[in-house]
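Number of protein chains: 4
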Amino acid sequence: MNYQTILEDIQEEIKPLLGQGKVANYIPALGAIPISKFAMAIKTIDNKEYSVGDAEESFSIQSISKIFSFALALKELRAELWERVGKEPSGTAFNSLIQLEFEHGIPRNPFINAGALVMTDILTSTYNDPKQTLLDLVRELADNPKVNFDEVVAKSENEWGDRNRALAYFIKDFGNINNAVDEVLDLYFHQCSLSMSCLDLVRAFSCLANAGKTVGANKVIISERQTKRINSLLMTCGTYDAVGDFAYRVGLPGKSGVGGGIVAIMPGHFVISVWSPGLNESGNSLVGTKALELFTTKTKTSIF
Amino acid sequence: MNYQTILEDIQEEIKPLLGQGKVANYIPALGAIPISKFAMAIKTIDNKEYSVGDAEESFSIQSISKIFSFALALKELRAELWERVGKEPSGTAFNSLIQLEFEHGIPRNPFINAGALVMTDILTSTYNDPKQTLLDLVRELADNPKVNFDEVVAKSENEWGDRNRALAYFIKDFGNINNAVDEVLDLYFHQCSLSMSCLDLVRAFSCLANAGKTVGANKVIISERQTKRINSLLMTCGTYDAVGDFAYRVGLPGKSGVGGGIVAIMPGHFVISVWSPGLNESGNSLVGTKALELFTTKTKTSIF
Amino acid sequence: MNYQTILEDIQEEIKPLLGQGKVANYIPALGAIPISKFAMAIKTIDNKEYSVGDAEESFSIQSISKIFSFALALKELRAELWERVGKEPSGTAFNSLIQLEFEHGIPRNPFINAGALVMTDILTSTYNDPKQTLLDLVRELADNPKVNFDEVVAKSENEWGDRNRALAYFIKDFGNINNAVDEVLDLYFHQCSLSMSCLDLVRAFSCLANAGKTVGANKVIISERQTKRINSLLMTCGTYDAVGDFAYRVGLPGKSGVGGGIVAIMPGHFVISVWSPGLNESGNSLVGTKALELFTTKTKTSIF
Amino acid sequence: MNYQTILEDIQEEIKPLLGQGKVANYIPALGAIPISKFAMAIKTIDNKEYSVGDAEESFSIQSISKIFSFALALKELRAELWERVGKEPSGTAFNSLIQLEFEHGIPRNPFINAGALVMTDILTSTYNDPKQTLLDLVRELADNPKVNFDEVVAKSENEWGDRNRALAYFIKDFGNINNAVDEVLDLYFHQCSLSMSCLDLVRAFSCLANAGKTVGANKVIISERQTKRINSLLMTCGTYDAVGDFAYRVGLPGKSGVGGGIVAIMPGHFVISVWSPGLNESGNSLVGTKALELFTTKTKTSIF
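Line order of the protein sequences matches chains A, B, C and D. The first sequence begins at 55 in our numbering and counts up one residue at a time. The second sequence begins at 55 in our numbering and counts up one residue at a time. The third sequence begins at 55 in our numbering and counts up one residue at a time. The fourth sequence begins at 55 in our numbering and counts up one residue at a time.
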């Protein structure tokens, strides 16, 4: 199977769709990205890389970063983690407070905003300088010392962050956030602002396709068991209130961000990423989802 | 990998757990089943079968039957089906009416009761004798002409069926059920009452592991694409409000029933079934879930 | 204060509004009523009556009938009644099932459909021929032996009664309806179909302004204490999800029906009724609410 | 009717109940109040006052203060106010965020916390020194220049104010709070901390029984129309999720606070207040509610 040719075919095929969807504009910094941007990248577990489009251009990975903070929290707390966050799909929008009230401050899973805030609270309690620890990890995983937070985006997130602030105080009121809300949000907004390219992403998440070890350096990042757990959670909770649709169309565990990026994993085979800023109604990249669907259809790839 | 030995090891290992959980007692006919029952069966796509325990003893498959009616409706309506039912996990209990009200009578997915009722309404509109059509299909798939409805269970379901009756009238009020409620419920209660053994089940669902073709006879039941879609829906919606936990622990798409049965699929490899009537808090077989978890751990099987 | 002149002024003033709103059309029998109909009537506790418009023309009183069944149930069960129904406003639409699920089949109050169904279940358990008992009471209260059920409306309610059927089966599933749903609904649909004029209504409810005794015959219908309780419940729960707006604009306890009728009570002084079939968004008579607001403003009447 | 004797009888009658209920302990400053405290006071519109118990001892009036801020906001914004807050009972707990999410940041009424926060936002936008303006008004109404904020309570509210902070950021995210959340909360927490006695309260609210004019000085505070509107809102929304029960038992519009105070109004006749710190399950004073019920029963007082 020639992945490079397939990516190029997809790039051609999705061209008429570029411009569809809506660029996230809840913060000005994101709204300014041209909707026509497009990139895809693949990294296989035998260490081959393929890409098309602006695959080395960095963009705001936003909620994709929730995998990093969840993985770190899981390494640190292990089974105890599940006293503070659930593993079930929420069935509601990513920033809803309703379920949180019914379930007394225990977020449904680590990939909705509420759950990610609890993860950042855990990291804040665990590390002296959690922002630096997170950044060091991401740089190591992506094998790219230039990966960085985008301070303009982080500041913009903070300015327009009243909903997340409401979530954090709500959870704190239930006793499931232990640190000062401003501190937790500072880490959260920075994590969301991580600026990475499609190639950075497939490198950074190669361990999820490779039983927990980085492809190339073969360094153990997480256990094989934890890898499966992350992938299963991505499958059932990774794409907001469209997990069923994503599982149905793409057939791989994945995580999206409102910056227009998506990462998906074919365990034992490869990691694939895509970037296109126009979002569909569920807040997932419209062209990105289509491109992944084309890829798994053309390559007959699916975990199912 | 010697599946037979592994099944026997599991049978030994779960012995201390038999008796835990709670046998479904919402209808008298189910409450009478001894909690100590246990069986497992596997059928591989190279047509080998393995089993332990009471694997030829029939039990009430209950919600597992929702796969049959969904598959039939999908064959008949194809894309149009999705105007009448969603593909997302519900995040709430299997028989909740709340989401249905917010979403104006379109059930979240075909595997919660509301969704299954819409499937049976579709079958009622499509076939002259839907009960017979369904039974013929199941018998053919299981390669067992003796598979039958359990009329005692069906009658008991009907007697204690006020919640399902409420669901059906509610959906009908929204215009998403077209036939008489009594007729739809008659099919639904009979479908739930299907009496099958663990071996029947792995045979009947072998096509889901085999790209839509029955193992052995190699008959095309559904398309390869439809097979993936069913498996992906089972993954995200097959085990009530515990799909995350099931994906996390077992790592395979599956469907449970309150009769204590569970079926799970490893696409391209095998179908596995288990039966143990004691249920956990989510309404899934407690020992059955544990047995499947042991199996995928011992065999290092997972789609992730 | 010359009530007759005031009623005539109001009749003149609301003329430009006639035709606004929407006639209830969930059942064909109601949809056929001309939207231009208008009537008002008053009966004071010193036994004087005033009226304008079609005040002797009968219309479908619909939910206004819930006062009769609640009053009967309260007489029969007294304090025990409150184990089966609440006394709080629901904050949601009159036919919602959501709250009912959260609160395990105990309706919020006797004036939403769910609560009224529980009242009719109580009457069904209490009387040999509950329809006749109810009718006898209403005829006696209205001092009009011609008051009757409208069988065409009752039949139409039954035909289009899937939502109420869903409610009834849902409550029965929670154990708060003891009789056959069809029997309970038969009484409920007949009660809703009661056909009465504005004058019938002020006569029938005169006891609510007169400490429980009928005006004229001075017959004790309910105790003084029960009278206050009914009026307080009408104030907080009588007009669907617009009780605050009604209290604010009209300032009297009252009950509306989707037939366009409203009854309001000024304790110690009078009962007033109005009929105009066009409904506002909350399902209350648009012109009727306006007419009552004009009346209480012009007469400086208010319980506040 | 000798009000003084009746108050003394009630004081005697409720003695066995003192100690029941639970003193609010969500902030330490409130938890320290002895549960045995009791006081009642009445002021009639012919300017007579009666009282029993610690009627001159100040306590934290908490949510009773919401009447002051609502009245001020209503005076300032008039009809426009209703674009920012509803007039309907909420049907849920006083500090719930659920309804707020469904209704996009428009609180159900001015007496739940969310609504009161919007009122304080309006006052913050309107006045240069809103805390002082509010205090001046309350002192004038109570005819007591010593009425003051309790800074210890206000500070404690702030320390334990995460739920209110969550509410405020949530509303701000929907665009219904215009000022900085810290500023709005500062006013809100101070308002809640107002320390007043039972006699202060009946004097301060005498205008609500007297068509908007203070009793004694006869100064117009609000219009007659606004007075009715406030009373009607107190009736349908003044006592959290127990408005039906309060209307049913006490039969007067009223407002309670978690400090154990309750104020109730008999329009055209008197204002009555009670203080007893033990709360019932709805967060209203247990003994206070009972005392008011005894009063309206003994005096046959009720608006119904």
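By construction, these hints were calculated from the structure, which means they are not laboratory data. Be aware that a few hints might be false.
The list cannot tell twin chains apart, which means a pair is met if one copy fits it or any two copies do.
For lysine-lysine, the following DSSO-like pairs were computed, each having C-alpha atoms within a straight-line distance of at most 30 Å [stated by the list, open to error]:
#1 K76 - K91
#2 K129 - K352
#3 K129 - K354
Remember, predicted model here, so these are calculated numbers, not experimental data.
Status of the hints after comparison with the structure:
Taking the closest pair of Cα atoms, K76 and K91 come within 30 Å of each other only inside a single copy of the chain (13 Å); across copies the shortest separation is 50 Å, beyond that limit. For a Cα distance limit of 30 Å, the shortest separation of K129 from K352 across copies, 23 Å, qualifies, whereas the shortest one inside one copy, 36 Å, does not. Taking CA atoms no more than 30 Å apart as the test, K129 paired with K354 passes between copies only; the shortest distance there is 21 Å, against 34 Å inside one copy.
The structure shown violates none of the earlier numbered hints.
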